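Visitor: Just need the whole structure built from these sequences, with the hints factored in.
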Amino acid sequence: MRRPAALKHNQLGLKCCVDARYSTCPGWRNQSRVPVNARTCKHLRSILGDKYEDARLKLKNPDGDKATAGKKKASASKSSASNSKATWKRKTRNDDDDDDNIASPSKRKTAAKEPASKEKDPEEEEEDEEEDEDKPPSKAMKFPAGDELEEIDGIKPKQVIKDGDEVEAPSKTSDAVYKVKRTWDHYYCTCPAWRNQSRNPVNARTCKHLRSILGDKYEDARLKLKNPDGNNAPAGKKKASATDSKATGKRKARDDDDDDDDIASPNKRKRGGKKPASKGKDDEEEEDNEEDEEDEAPSKARKIPGVLLAVKWDLEKGADPTGWWVSEKLDGVRTFYDGQTMMSRLGNPFTPPKWFIEKLPKGITLDGELFGGRGTFQSTVSIVKTMNSPHWQNITFQIFDIPSMKDEPFEARMACLNHMFGPSGEHKQDHVFVLEQTEAKSRDHVLEMLKDIEAKGGEGLMLRKPKSLYEPTRSNTLQKIKTFFDAEAKVTGHVPGKGKNKGVMGALKCVMASGKTFNVGSGFTDKQRGKPPKTGSIITYRFQELTSSGVPRFPTFVGEAIDKDEPKDAEVPHHKKDSKGKAGDE
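So in the working numbering, spot 290 of the sequence shown is number 290, and the numbers just go up one at a time.
Calculated from the structure, these hints are not laboratory results.
What you are looking at is a predicted structure, and each value in this text was computed from that prediction instead of being measured.
A couple of the hints might just be wrong.
To be verified - Listed below are the simulated BS3-like cross-link pairs for lysine-lysine, each with C-alpha atoms no more than 30 Å apart in a straight line:
hint: 1; residue 1: Lys531; residue 2: Lys564
hint: 2; residue 1: Lys181; residue 2: Lys509
hint: 3; residue 1: Lys509; residue 2: Lys385
hint: 4; residue 1: Lys500; residue 2: Lys385
hint: 5; residue 1: Lys516; residue 2: Lys181
hint: 6; residue 1: Lys467; residue 2: Lys451
hint: 7; residue 1: Lys179; residue 2: Lys385
hint: 8; residue 1: Lys156; residue 2: Lys179
hint: 9; residue 1: Lys516; residue 2: Lys531
hint: 10; residue 1: Lys208; residue 2: Lys156
hint: 11; residue 1: Lys303; residue 2: Lys362
hint: 12; residue 1: Lys516; residue 2: Lys534
hint: 13; residue 1: Lys317; residue 2: Lys451
hint: 14; residue 1: Lys498; residue 2: Lys303
hint: 15; residue 1: Lys317; residue 2: Lys527
hint: 16; residue 1: Lys428; residue 2: Lys303
hint: 17; residue 1: Lys509; residue 2: Lys312
hint: 18; residue 1: Lys172; residue 2: Lys162
hint: 19; residue 1: Lys181; residue 2: Lys498
hint: 20; residue 1: Lys441; residue 2: Lys467
To be verified - Ranges of calculated distance between the beta carbons of each label pair, as one might list FRET restraints:
hint: 21; residue 1: Glu316; residue 2: His419; range: 37 to 43 Å
hint: 22; residue 1: Lys502; residue 2: Glu408; range: 43 to 49 Å
hint: 23; residue 1: Glu316; residue 2: Lys406; range: 31 to 37 Å
Idealized CB from N, CA, C, for every residue including glycine.
Guide: See below:
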């Protein structure tokens, strides 16, 4: 067979892997009835040559149908979803938003057991993914190596913003200064125009500040890549209207920096209606706002699901847990399924792919978490905020209750869930699990389980009272257990309060011994907010783990460290650092 022109790795979205030639174009991808090593397209023919491609196809698939997509333009509107109806319905993507570098995730049996073993060779994984493209995805958090936003369709950003970095963007019409930050495959801006695009997934929003920093051409390419079938946000080219978000909920537009992603979002309430399930003191905020819902207040038309919320179990003084049910406290995103759609506990909708949700039972409600694996909270949050993303393949739905059976005891509810989703259940799916429950034998048994889970990178444990009913509020029938770290930081400034804290301190600006900066916004009394620690003072704060940027996740104020004159960072084990689920990380 004649030698072709050299095919460089990722040239024009083309790739050579073992004995196959891949292209990210729709023409190549829509040939699902042809073996992956016997597909071609106009791009491959242009690079390799028609004679070579004809010879290669004859060699690789002598008895099969030759692909025709390489000789004519593929229709962007043609879907290959019908090709896979016999196996699984899967949303077809005609854009290059997953490349071929995403490893095919392995199945995760239960959330409480050991994480999946190490990844296979990347090329083997790519080949497996293409050969199994019509099958339902199995689950384990794996991500492509490299930076998918470094260059899109040959267009590079004017200014490179690396994952976790942020830059300031001064307003052109006022003295406000906004923050532009990148988290994985998202660019955020704290301006109202970006926040008011609630109809677009967060990885497909833009604004004039992002366009100014990244460039119009790059932003146009990025929006097309991330949301090819959706409405591209016009906010980057004109001022956003206050009515833009009426269809999905009024969002509070803020002209100042409100701590971005490093502080738990403040309590959000339905205006003019009842508030969500009651909360305890400020330090409860750290877990009750895990969804990181960007300060989006639910609209009056949006139904807020009532969910069962936990209280803290004291490691030393907590009630005797003997006979209670113990499960792993998942580090995911709390999710309520209403029989048709998925939403956060504040009623903000999630947009999973059709294949992810279509086999769930109708006519019942489910309470659980969208979970990407231990130590991958930030990546999980990023994924569940998106639509049309291949990274949903890395998410599982971990179910731990069925609110529609709220008057039945917990044991009966679990039996029903296991019947539906168990090995022989009618609704069994590779990405849906019922969270494993273990009966506690003693306090020491629970503490030993906590130690084991944390050693594996888990967040903690949950305790459920036997025979308890499902209460749509905070209840002592559900208790959470986890350990925290204490550290000291230097105060560098104060963030003005808003809402109930208007006129007083909202958060402390702090610097760690490492030099990293973050804000502490919870754990204060009203008196402390009125007279906060002075700039230059040392405070003690408490947190559960570090983010991928190396700053505390949801820190809470403990008190002033009057006997200290320098900040001191906590010694945090590796499994308490958010790895974001990159390949090679556990």
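Visitor: Indicate, hint by hint, whether the structure satisfies it.
Guide: A quick look at each hint next to the structure:
1. Lys531 with Lys564: holds (20 Å)
2. Lys181 with Lys509: Holds. Lys181 to Lys509 sits at ~17 Å (cutoff 30 Å).
3. Lys509 with Lys385: holds (28 Å)
4. Lys500 with Lys385: With Cα atoms ~28 Å apart, Lys500 and Lys385 stay inside 30 Å; holds.
5. Lys516 with Lys181: holds (15 Å)
6. Lys467 with Lys451: Between Lys467 and Lys451 the Cα gap is close to 26 Å, so the pair holds against 30 Å.
7. Lys179 with Lys385: Status holds; Cα separation ~20 Å.
8. Lys156 with Lys179: Distance ~21 Å between Lys156 and Lys179 Cα, so the pair holds.
9. Lys516 with Lys531: Holds. Lys516 to Lys531 sits at ~25 Å (cutoff 30 Å).
10. Lys208 with Lys156: With a Cα-Cα distance of about 18 Å, the restraint between Lys208 and Lys156 holds, given a limit of 30 Å.
11. Lys303 with Lys362: Holds, at roughly 18 Å.
12. Lys516 with Lys534: Within the cut-off at roughly 19 Å; holds.
13. Lys317 with Lys451: holds (18 Å)
14. Lys498 with Lys303: Judged against 30 Å, a Cα distance of about 25 Å means the pair holds.
15. Lys317 with Lys527: holds (28 Å)
16. Lys428 with Lys303: Holds - the C-alpha atoms of Lys303 and Lys428 are around 28 Å apart, at most 30 Å.
17. Lys509 with Lys312: holds (27 Å)
18. Lys172 with Lys162: Answer holds: Lys172 to Lys162 is near 25 Å, not above 30 Å.
19. Lys181 with Lys498: holds (22 Å)
20. Lys441 with Lys467: Holds. Lys441 to Lys467 sits at ~16 Å (cutoff 30 Å).
21. Glu316 with His419: 37 to 43 Å: The hint (37 to 43 Å, Cβ to Cβ) holds, given that Glu316 and His419 are roughly 39 Å apart.
22. Lys502 with Glu408: 43 to 49 Å: At roughly 44 Å between Cβ atoms, Glu408 and Lys502 fall inside 43 to 49 Å, so the hint holds.
23. Glu316 with Lys406: 31 to 37 Å: holds (32 Å)
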